[in-house]
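Colleague: As a plain string of letters, each chain reads:
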Amino acid sequence: VILVVGVNHETAPLAVREALAFPKERLADALEQLRQQTGLGEAMILSTCNRVEVYGRAAEPCADAVAAFIARYHQRAPAELESHLYRLEGEAAVRHAFRVAASLDSMVLGEPQILGQVKDAYEAAERAGSLGSVLNALRNRSISAAKRARSETAIGRNAVSVSHVAVELARKIFGELRERAVLLVGAGKMSELAARQMVRDGARATVLGGRTFEKAEQLAAALGGRAAPFEALRHELAKADIVISGTGAPGIVVQREDVEAAQAARRGRPLFLIDIAVPRDVAAEAARVAGVFLYDLDDIKTVAQANMRERRKEAAAAEAILDHEIREFLDWRRSLEVVPLLVELRKRADEIRKAEIDKARKRLGTLTPEQENALEAATSAIVNKLLHGPTVHLKQMAGNGQPEHVGLIRKLFGL
Amino acid sequence: MDSRAWLLITLLFYAVGALHALLFAVLRRSVLTTVSLTATLLGFACHTSALALRWNEGGHFPALGLHDGATLLSWAIILVFLLVYVTTRVDAAGLFAYPFSFAVVFVANLTPVTDRVDPVLRSLYLPLHVFLAVFGYGALFAAFSMGVLYLFQEQELRSRSPRRFYYLIPSLERSDTIGWRSVLGGFGFLTLAIVTGFLWNHSLHGRYWTGDPKEWAALAAWVIYVVILVARWRGRWGGRRAAWLAIVGFAVVVFTFAWATLVPGVAVAAR
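Protein sequence lines correspond, in order, to chains S and X.
Residues in the first sequence are numbered consecutively from 47, following the numbering used here.
Residues in the second sequence are numbered consecutively from 66, following the numbering used here.
A hint or two may mislead.
[Unchecked claim] Chain S regions said to be covered by chain X (calculated; three or more residues, Cβ under 8 Å):
| hint | region |
| --- | --- |
| 1 | 217-226 |
| 2 | 312-320 |
| 3 | 330-339 |
| 4 | 345-356 |
[Said to hold, decoys possible] Far from chain S, some chain X residues (derived; all Cβ distances over 12 Å):
| hint | residue |
| --- | --- |
| 5 | LEU73 |
| 6 | LEU107 |
| 7 | TRP120 |
| 8 | VAL151 |
| 9 | THR179 |
| 10 | PRO184 |
| 11 | TYR190 |
| 12 | TYR231 |
| 13 | TYR232 |
| 14 | PRO235 |
| 15 | ARG272 |
| 16 | ASP277 |
| 17 | PRO278 |
| 18 | ALA285 |
| 19 | ALA316 |
| 20 | TRP324 |
[What the hints assert, rightly or not] Taking CB as the label site, the calculated pair distances span:
| hint | chain 1 | residue 1 | chain 2 | residue 2 | range |
| --- | --- | --- | --- | --- | --- |
| 21 | S | HIS370 | X | VAL291 | 56 to 64 Å |
| 22 | S | GLU157 | X | THR98 | 23 to 31 Å |
| 23 | X | VAL291 | S | ALA363 | 44 to 52 Å |
| 24 | S | LYS347 | X | ALA285 | 43 to 51 Å |
| 25 | X | THR113 | S | LYS347 | 47 to 55 Å |
Rather than coming from a laboratory, the hints here were simulated on the basis of the structure.
We put the beta carbon where it would ideally sit given N, CA and C, even for glycine.
Let the sequences and hints guide you as you build the complete structure.
Modeller: Here it is in C-alpha cells:
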C-alpha cells in the first residue's frame with residue numbers, strides 16, 4: 047500500500063513546519079532510519095518550506111509508525127503533532143502525490159518550483175537506495191501528469207508574484223522586451239528580481255544610484271548594464287521604456303514634471319512606471335501624462351489577484367487531467383496485484399484440468415463412480431501441488447514489494 | 066448553383082464568426098476561436114466562388130450597385146483578416162472582421178443584382194481599379210480594428226485593474242505594429258486605386274479630373290492618410306494617436322465608399 051504522512055502550509059504553522067524539516071544533507075540518514083524503524087519497504091521524504099511529507103510503500107498499513115517516527119526524529123511529543131499531521135493511504139495517498147507535483151496543493155496555486163523539489167526529493171531517495179519499483183512508478187507517473195497539466199491548462203500561465211506581474215505587464219505594453227531600456231531607481235531586492243527577468247528577455251538595464259553609488263554599480267554589473275548618478279534622472283527617464291522605482295526615500299523621487307519632460311522628449315512612446323516603493327517614489331499624478339502607465343505596489347497586487355482568479359478557474363481543468371492520470375496509475379497498480387493473479391491462475395489450471403478429464407473420458411468410455419472420483423482426485427492433487435509453491439512465493443514477494451514479478455508470471459502463464 | 070446560392074452559404078459560414086465575436090463581447094471568453102477560423106476559411110472559399118460566378122453571369126466585372134459593392138468589400142476584408150492571421154497569428158482582429166463581413170454579406174444577400182449592358186464595363190480598368198480599391202479598404206479596415214484593440218488594451222492597462230479583455234487581446238506594441246503595417250498597405254492600394262481611377266477617367270473623357278464628388282472624397286481620405294504617415298515618420302504620432310487616426314481615416318473611407326455605391330449616378334465609370 048502507498049501512504050503519505052506529513053504536514054503542509056494548510057495544516058501546520060510555519061513554526062511546526064520548520065521544526066519538522068529534514069535538512070538535505072541528513073536526508074539519506076533519515077531515510078535509512080525511517081525504513082528500519084517503521085517497516086516501510088520504500089520511502090521518500092519531501093521537505094520544502096511549505097510541506098514536510100513522507101511518501102512510503104509498505105506491505106501493511108503503518109501510517110501511525112511513520113507519524114511516530116517523524117515526532118521521534120525531531121524530538122517532539124507525538125501528541126503535539128497530532129493535530130497537524132495528515133495520514134493518507136492507498137488511493138488518497140496517490141491522489142495527494144499527483145496533486146502536490148502538479149502544484150494544485152501549493153500555497154501559490156500553480157507555482158513552478160514544487161515540481162523541481164519533488165524531482166529532487168525522489169532523486170535523493172534513489173541515491174539513498176530507498177526507492178523501489180512502486181515509488182519509482184509513482185514518481186514517473188506523477189511528474190509526467192504534472193507536466194501535462196501545466197502544458198495543457200493555463201494553471202501556471204498568468205503571473206502571481208510582484209516581479210512576474212511587472213514583467214508580464216511590460217510585455218502587454220511593449221510586446222517583446224528585447225532591446226527595451228529598463229531604468230532602476232534605487233537598488234532594492236524586488237527591483238532587482240523584476241529587472242533580472244527583463245534582462246533575461248533581452249532588455250538593457252541602467253541603475254540610478256544616490257549616496258551609495260557603489261551599490262548601484264554592483265547591481266548594474268550583475269545585470270550587465272550601467273550605472274548613472276541620480277542627478278541624471280530626467281535624462282535617463284527620456285531614454286527609458288520601463289522604470290522600476292524602489293528607493294527607501296521618504297518622499298516623492300520622480301515628480302510629475304520629470305515624467306512630463308521625459309514624455310515630451312519621447313514623442314509619445316509609452317512609458318511604463320513601476321513603483322514598488324513604500325512610501326511611494328513616483329507622484330500619483332504622473333499617471334495622467336499621455337502614454338504613461340503607472341503601477342504602484344497595490345496595483346500590481348490587484349493584477350496578481352486577478353491572475354490568481356484565472357488560475358483557480360484553470361485548476362478545475364488541471365484536476366480533470368490528473369483524475370484521468372490517477373485512474374490510469376491505479377488501474378495499472380491493480381493489474382499488478384497478487385490476489386487477482388492467484389485467482390486467475392487457479393481458474394486457468396482448473397479449466398485445463400476439466401478439459402483434459404473430458405478428453406480422457408471420451409477415450410475411456412463409461413466409468414464407474416469410484417473411477418470418476420479417483421480421476422477427479424488425482425488431477426486436483428496435481429494442480430494443487432503444482433500451484434502451492436508459486437502461490438506461497440507470490441504472496442511473499444507481494445509483501446516485499448516486488449510487483450514486477452506479477453507481470454512476469456502473467457506472461458509465463460499466458461494470463 | 067448560381068452566385069446567389071453561394072453567397073447564401075457564405076453568409077451561414079460567416080455567422081459562426083459573428084457568433085464568436087458576440088460571445089466574446091458578452092462572456093468575455095474566447096470560446097469559438099478555432100471553429101470560427103475554420104468556418105470563416107470555408108466561407109471565404111464560397112465567397113470567392115460566388116464572386117467568380119457572378120462575374121461569369123454578368124458578363125462583366127461585378128462592380129455595379131450595392132449588391133456587388135457589398136460582396137466585394139466583405140470579400141476583401143476577410144481576405145486581409147486571413148492574411149494578417151496567417152502572418153502574425155493574431156486573431157483578435159476577427160472580432161471586427163467577422164461581424165462586419167456578416168452584416169455586409171447579409172445586405173448583399175438582400176439586395177438585387179444590378180446589371181446593365183455598357184461597353185464601359187468591359188474596360189480592363191474596372192477590375193483593376195476596383196480590386197485595388199477593395200484591397201485598400203480591407204487593409205484600412207484591419208488598421209481600424211487594430212486601432213480599436215489598441216485603445217481597448219490601453220484602457221485596460223491604464224485602469225490598473227485589468228478585466229478579461231486584458232488577457233485576450235494583443236499587446237499594445239503588437240496592435241500598433243500590425244495597425245501601422247495595415248495603414249501602409251492600405252495607403253499603397255488606395256493610392257494605386259486613385260491613380261488607376263484618374264487614368265480611366267482620362268481614357269473615357271480625355272480628362273484626369275472630372276470634378277465628381279467621389280473624386281473629392283477619395284482625395285480627402287488619401288490626404289488624411291498622408292498626414293498619418295508623415296506624422297508617424299517624423300516620430301510624432303505613435304501609439305494612441307495613431308490608433309485614433311486609423312479609426313478616423315477608416316470612417317472617411319467608409320464615407321467615400323458608401324457615397325460611391327449608394328448614391329445613384331455617382332459610380333463614375335457607368336455614367
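Colleague: Confirm or reject each hint.
Modeller: Here's how the hints hold up against the structure:
no. : hint                               : verdict
1   : 217-226                            : holds (count 6)
2   : 312-320                            : holds (count 4)
3   : 330-339                            : holds (count 4)
4   : 345-356                            : holds (count 5)
5   : LEU73                              : holds (38 Å)
6   : LEU107                             : holds (28 Å)
7   : TRP120                             : holds (41 Å)
8   : VAL151                             : holds (19 Å)
9   : THR179                             : holds (46 Å)
10  : PRO184                             : holds (52 Å)
11  : TYR190                             : holds (41 Å)
12  : TYR231                             : violated (7 Å)
13  : TYR232                             : violated (7 Å)
14  : PRO235                             : violated (8 Å)
15  : ARG272                             : holds (43 Å)
16  : ASP277                             : holds (38 Å)
17  : PRO278                             : holds (35 Å)
18  : ALA285                             : holds (25 Å)
19  : ALA316                             : holds (22 Å)
20  : TRP324                             : holds (33 Å)
21  : HIS370(S) to VAL291(X): 56 to 64 Å : holds (59 Å)
22  : GLU157(S) to THR98(X): 23 to 31 Å  : holds (28 Å)
23  : VAL291(X) to ALA363(S): 44 to 52 Å : holds (50 Å)
24  : LYS347(S) to ALA285(X): 43 to 51 Å : holds (49 Å)
25  : THR113(X) to LYS347(S): 47 to 55 Å : holds (51 Å)
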